[in-house]
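Trainee: Residues per chain are reported as follows:
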Amino acid sequence: MLKLKVNEIDIEVEEGLTVLQACEKAGVEIPRFCYHEKLSIAGNCRMCLVELEKSPKPVASCAMPAAEGMNIKTNTEFVEKARKGVMEFLLANHPLDCPVCDQGGECDLQDQSMFYGVDKSRYKENKRAVSEKNMGPLIKTQMTRCIHCTRCVRFATEVAGVTEIGAIGRGEDMEITTYLEQSMQSELSANVVDLCPVGALTSKPYVFEARPWELKKTESIDVMDAIGSNIRVDTYGWEVKRILPRINEDINEEWISDKTRYACDGLLNQRLDTPYIKYNGKFEKASWNEVFNIIKSKFKNADKNKICGMSGDLINMESLYIFKEFFNKTLGSYNVESRSDHTYLNSKKRENYLFNSTINGIEEADFILLIGSNPRYEATILNARIRKAYLQNKTKIISLNDVGDLTYPYESLDGDIENIKKITEDNHEVSSLIKEAKKPLIIFGQSSLKTKSAKYIFESVKSFLKKNNKMSDEWNSLNTISENASTVGSFDLGLYKTVDGSNEVLKDLENHMFEIVYLLGVDNLKFEKKNEFVIYQGSHGDKGAEIADIILPGAAYTEQNGYFTNLEGKIQKAYKASFPPEEAKEDWLIINELAEAMNHRKLFNDKDELDSSLLNQINLFIEKDKSIKSSTVENVEFKQEILKIENEDYYYSNAIARASKTMLECKTAKVNLKLTGTEG
Amino acid sequence: MSLRRPSKNQPEDFDFNPASLAAAKLIIAKYPKDKQQSAVMALLYIAQKQNSNWIPLVAMKYIGKFLDMPYIKVYEVATFYTMYNLAPVGKNFIQVCTTTPCMIRGAYKLVEACKEKISENENELSKDQSCSWMEVECLGACVNAPMLQINDDYYEDLDKEKTLKILDKILTGETPKPGSYRGRLNNEPENNRKTLMDLKNA
Numbered sequence: 000m001l002k003l004k005v006n007e008i009d010i011e012v013e014e015g016l017t018v019l020q021a022c023e024k025a026g027v028e029i030p031r032f033c034y035h036e037k038l039s040i041a042g043n044c045r046m047c048l049v050e051l052e053k054s055p056k057p058v059a060s061c062a063m064p065a066a067e068g069m070n071i072k073t074n075t076e077f078v079e080k081a082r083k084g085v086m087e088f089l090l091a092n093h094p095l096d097c098p099v100c101d102q103g104g105e106c107d108l109q110d111q112s113m114f115y116g117v118d119k120s121r122y123k124e125n126k127r128a129v130s131e132k133n134m135g136p137l138i139k140t141q142m143t144r145c146i147h148c149t150r151c152v153r154f155a156t157e158v159a160g161v162t163e164i165g166a167i168g169r170g171e172d173m174e175i176t177t178y179l180e181q182s183m184q185s186e187l188s189a190n191v192v193d194l195c196p197v198g199a200l201t202s203k204p205y206v207f208e209a210r211p212w213e214l215k216k217t218e219s220i221d222v223m224d225a226i227g228s229n230i231r232v233d234t235y236g237w238e239v240k241r242i243l244p245r246i247n248e249d250i251n252e253e254w255i256s257d258k259t260r261y262a263c264d265g266l267l268n269q270r271l272d273t274p275y276i277k278y279n280g281k282f283e284k285a286s287w288n289e290v291f292n293i294i295k296s297k298f299k300n301a302d303k304n305k306i307c308g309m310s311g312d313l314i315n316m317e318s319l320y321i322f323k324e325f326f327n328k329t330l331g332s333y334n335v336e337s338r339s340d341h342t343y344l345n346s347k348k349r350e351n352y353l354f355n356s357t358i359n360g361i362e363e364a365d366f367i368l369l370i371g372s373n374p375r376y377e378a379t380i381l382n383a384r385i386r387k388a389y390l391q392n393k394t395k396i397i398s399l400n401d402v403g404d405l406t407y408p409y410e411s412l413d414g415d416i417e418n419i420k421k422i423t424e425d426n427h428e429v430s431s432l433i434k435e436a437k438k439p440l441i442i443f444g445q446s447s448l449k450t451k452s453a454k455y456i457f458e459s460v461k462s463f464l465k466k467n468n469k470m471s472d473e474w475n476s477l478n479t480i481s482e483n484a485s486t487v488g489s490f491d492l493g494l495y496k497t498v499d500g501s502n503e504v505l506k507d508l509e510n511h512m513f514e515i516v517y518l519l520g521v522d523n524l525k526f527e528k529k530n531e532f533v534i535y536q537g538s539h540g541d542k543g544a545e546i547a548d549i550i551l552p553g554a555a556y557t558e559q560n561g562y563f564t565n566l567e568g569k570i571q572k573a574y575k576a577s578f579p580p581e582e583a584k585e586d587w588l589i590i591n592e593l594a595e596a597m598n599h600r601k602l603f604n605d606k607d608e609l610d611s612s613l614l615n616q617i618n619l620f621i622e623k624d625k626s627i628k629s630s631t632v633e634n635v636e637f638k639q640e641i642l643k644i645e646n647e648d649y650y651y652s653n654a655i656a657r658a659s660k661t662m663l664e665c666k667t668a669k670v671n672l673k674l675t676g677t678e679g
Numbered sequence: 000m001s002l003r004r005p006s007k008n009q010p011e012d013f014d015f016n017p018a019s020l021a022a023a024k025l026i027i028a029k030y031p032k033d034k035q036q037s038a039v040m041a042l043l044y045i046a047q048k049q050n051s052n053w054i055p056l057v058a059m060k061y062i063g064k065f066l067d068m069p070y071i072k073v074y075e076v077a078t079f080y081t082m083y084n085l086a087p088v089g090k091n092f093i094q095v096c097t098t099t100p101c102m103i104r105g106a107y108k109l110v111e112a113c114k115e116k117i118s119e120n121e122n123e124l125s126k127d128q129s130c131s132w133m134e135v136e137c138l139g140a141c142v143n144a145p146m147l148q149i150n151d152d153y154y155e156d157l158d159k160e161k162t163l164k165i166l167d168k169i170l171t172g173e174t175p176k177p178g179s180y181r182g183r184l185n186n187e188p189e190n191n192r193k194t195l196m197d198l199k200n201a
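Protein sequence lines correspond, in order, to chains L and G.
The first sequence runs contiguously to residue 679 in numbering that gives the first Met the number 0.
The second sequence runs contiguously to residue 201 in numbering that gives the first Met the number 0.
Derived by calculation from the structure, the hints in this document are not laboratory data.
Treat the hints with care, since some could be wrong.
Within a straight-line C-alpha distance of at most 20 Å, the following computed DMTMM-like cross-link-like pairs (lysine to aspartate or glutamate) qualify [claimed, not checked]: (1) Lys7/G <-> Glu131/L; (2) Lys395/L <-> Asp33/G; (3) Lys72/G <-> Glu157/L; (4) Lys108/G <-> Asp127/G; (5) Lys281/L <-> Asp548/L; (6) Lys277/L <-> Asp548/L; (7) Lys529/L <-> Glu514/L; (8) Lys7/G <-> Glu180/L; (9) Lys7/G <-> Glu514/L; (10) Lys638/L <-> Asp404/L; (11) Lys72/G <-> Asp172/L; (12) Lys60/G <-> Asp404/L; (13) Lys305/L <-> Asp507/L; (14) Lys72/G <-> Glu180/L; (15) Lys72/G <-> Glu174/L; (16) Lys90/G <-> Glu121/G; (17) Lys60/G <-> Glu180/L; (18) Lys393/L <-> Asp67/G; (19) Lys393/L <-> Asp33/G; (20) Lys34/G <-> Glu157/L; (21) Lys37/L <-> Glu248/L; (22) Lys132/L <-> Asp118/L; (23) Lys297/L <-> Glu531/L.
Not the full set, but computed from the structure, chain G residues with beta-carbon under 7 Å of chain L [stated by the list, open to error]: (24) Ser1; (25) Phe65; (26) Leu66; (27) Pro69; (28) Ile71; (29) Glu75; (30) Thr78; (31) Phe79.
Sample of chain L residues at the chain G side, in silico, Cβ under 7 Å [what the hints assert, rightly or not]: (32) Thr162; (33) Gly165; (34) Ile167; (35) Gly168; (36) Arg169; (37) Asp172; (38) Tyr178; (39) Glu180.
Since we're looking at a predicted model, the values are computed, not measured.
Don't be surprised by glycine CBs; every beta carbon is placed ideally from N, CA and C.
In isolation and in its complexed conformation, chain L is listed as follows (with noise of 0.2 Å):
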């Protein structure tokens, strides 16, 4: 530990820190532009000048280490002058235009230069001009405010791991720009917008929208991918105006993914707004009373093992517990199930549909074997812990598929079965290091578990990992990234119908044994409609919609409390942000009033009580999960198959992300660089 002083006031820090941490630890905030925790240190923009004693010069903080009996001044006059003559050099250039500026309001130079700024200014010369620069249709750029902080080079290098932002020129004469002004290739792209100090580089679909002290700002939980990133919405009236990043250090530090911030522009587009029927192929608008009521009659004349319910990729665990409640007991039908397709799933105990490691976990790990995953898109915010990883320990990582670009070196083999059966068979040089390795992390990813051999994958990695003790309590290595949002949630909750891990409610489906099929919110299922009677909740008129013969306008994520469990089987809430439109209502409550419809009983009498017994569930179930002991499948049939990782489409893959018009244009600029061939 140091001693020093800060102001006059005796602190003592860990060794290591610099004198801007030191300060912070003492509690005195010191301006800054240039440095941020998660990145670098630059020390360019000398905004953090601070007196040391015995210095005859300020000090840049974010640059100097902090040393044993260091005396540091951050309120003196010298210091008030040093950064007055900072801000003042940062102005010169800085165009005078807040008033018609997105970042107003929110801006980290106007709220230093409401400490530091000069009143007027001294300068006649004329400001520097900087052309607008293309960097993609998520970033808009303003480049004449630019003052040069690096923070957008440095998160594009380091945290994206995509070098393609860099500074060109000089002097007076730099400018900020990607490669030939081409679009950054990362799904983290828009990241940089929030790390801009001043109104550079904005956001471009939010361009001139709202101001941030007219919206509603609502703490919640993403749902475009399973990783459960911590979000902010931000809303205007109904509309949801923007997402933003909110910092949690086990999830997605403070990154989000640019789905995840821009798929929302998909909740303005494509809605359900009302209750339709289907007559003679047309939707007609219809009353809830009217749908309730045909639903009622179709079900009273169906046999209860003809009916089937299936959940789809973004619905909250309420709605989930609820529609299996209302099979069970008000239909008296067990064929509920959230897969979509034929995911394997062995749901004897929890540990085999989460990641086990923990995203924090990851750092720790000294060696990655990919199953089947790239993780770039199946979860951004993950891939960057894996690239922090190996950033941090230079972590071995090897994939069994090449996947291409994951920002981090990796080995490939060449995506046969065949590896997995000599690496479980003690046969190959990724056996010895899983076994040599402390903290191995193995990672099944979506591909390896929708093969034909998906149980033989998983089942004979398992029984290897656990032969060789790394499946303990201490560290499990075994690790699934989830599909969706509400996959591990609908799995903790039951929503499956498995004997051995195939999806049966599926087969049956496809093989047009049922008679009714109550989709909710499922919109990526691929199945020929023949003479089911479908019923489709959900809030977005896509794929589920598309085959349905009555809808029910659901709501969607922003616009109900509810429930999310993310990959590492973290609970968190999402809260109600803005509200269903027009006749649309929350998903748990259409479901409760269709049983009182059907019976005139509700199942639950109000959402409190559906809260506390949902979680009541989920406790008992996660309780009773850490009594059974692991056990593993021995003797699974191995078949020769070569893997092959579907090529997801990144920015269509769920009813959201297709309705919104942003995620259209990231499709069309990615496909747009791939026809120039420009990108390498």
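Starting from the known structure of chain L, arrange chain G on it as the hints suggest.
Mentor: Then chain G, alone, in the frame of chain L:
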């Protein structure tokens, strides 16, 4: 000075010729393994030499691949240093020193000569596209002021007449004799030595 931008007319492809390749490998060998990026400046200069005194974007890309570094990093270096030309400057690239000692000794006369013979403006190709000129800061030959540099050679002790003659030769494709144009050997004193008379080889 303002930000220099890459030329609008860019060639399609670029490869090191055998001589450049050998030179590049020699440079890279000086750096430890995995630190070959340090050779970027030297390689840019080699590329510039090979490609008649300027660096096209494809060359930057080529060097980026050659050294296994992101293109933007090469681009940053190339735009930072003014001695890398990002647009064609012609086979003969003329740099006139106009820093104080040369200026006092009449460097602007040399500039006038360049304007007459080559092009009206700086950084503009002559009519036959073979050369261009620009004003530069001190080239370190103040003793022989005023002077100019054509490619690798210094032409010293000039005046307007002599410059015009040199430029004429350049434009007809000849290479004029480099060095002093007042008959001096290197930068020895004019009108014979005045000091160190007793030393034979001083």
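Trainee: Each hint should be assessed against the structure and marked as holding or not.
Mentor: Evaluation of the provided hints:
1. Lys7/G <-> Glu131/L: Satisfied, since the Cα-Cα distance of roughly 18 Å is no more than 20 Å.
2. Lys395/L <-> Asp33/G: holds, 18 Å
3. Lys72/G <-> Glu157/L: holds, 14 Å
4. Lys108/G <-> Asp127/G: Cα-Cα ~23 Å, so violated.
5. Lys281/L <-> Asp548/L: holds, 9 Å
6. Lys277/L <-> Asp548/L: holds, 5 Å
7. Lys529/L <-> Glu514/L: Holds: Lys529/L and Glu514/L sit about 10 Å apart, inside 20 Å.
8. Lys7/G <-> Glu180/L: holds, 14 Å
9. Lys7/G <-> Glu514/L: violated, 66 Å
10. Lys638/L <-> Asp404/L: violated, 29 Å
11. Lys72/G <-> Asp172/L: It holds: about 17 Å lies between the C-alpha atoms, which stays within 20 Å.
12. Lys60/G <-> Asp404/L: Holds: Lys60/G and Asp404/L sit about 18 Å apart, inside 20 Å.
13. Lys305/L <-> Asp507/L: This hinted pair holds, its Cα atoms lying about 10 Å apart.
14. Lys72/G <-> Glu180/L: holds, 14 Å
15. Lys72/G <-> Glu174/L: holds, 13 Å
16. Lys90/G <-> Glu121/G: holds, 15 Å
17. Lys60/G <-> Glu180/L: OK: Lys60/G and Glu180/L at ~15 Å, within 20 Å.
18. Lys393/L <-> Asp67/G: Distance ~18 Å between Lys393/L and Asp67/G Cα, so the pair holds.
19. Lys393/L <-> Asp33/G: Satisfied, since the Cα-Cα distance of roughly 15 Å is no more than 20 Å.
20. Lys34/G <-> Glu157/L: holds, 18 Å
21. Lys37/L <-> Glu248/L: holds, 11 Å
22. Lys132/L <-> Asp118/L: violated, 31 Å
23. Lys297/L <-> Glu531/L: Since the Cα atoms of Lys297/L and Glu531/L sit roughly 11 Å apart, the hinted pair holds (cutoff 20 Å).
24. Ser1: Because about 6 Å separates Ser1/G from the closest Cβ in chain L, which is inside the 7 Å limit, the hint holds.
25. Phe65: violated, 13 Å
26. Leu66: Because about 13 Å separates Leu66/G from the closest Cβ in chain L, which is outside the 7 Å limit, the hint is violated.
27. Pro69: Check passed: Cβ of Pro69/G comes within 4 Å of chain L, closer than 7 Å.
28. Ile71: holds, 4 Å
29. Glu75: holds, 5 Å
30. Thr78: Because about 4 Å separates Thr78/G from the closest Cβ in chain L, which is inside the 7 Å limit, the hint holds.
31. Phe79: holds, 5 Å
32. Thr162: holds, 4 Å
33. Gly165: holds, 4 Å
34. Ile167: holds, 4 Å
35. Gly168: Because about 4 Å separates Gly168/L from the closest Cβ in chain G, which is inside the 7 Å limit, the hint holds.
36. Arg169: holds, 5 Å
37. Asp172: holds, 4 Å
38. Tyr178: Tyr178/L check passes; min Cβ-Cβ to chain G is 4 Å, inside 7 Å.
39. Glu180: Violated: closest Cβ of chain G sits about 11 Å from Glu180/L, beyond 7 Å.
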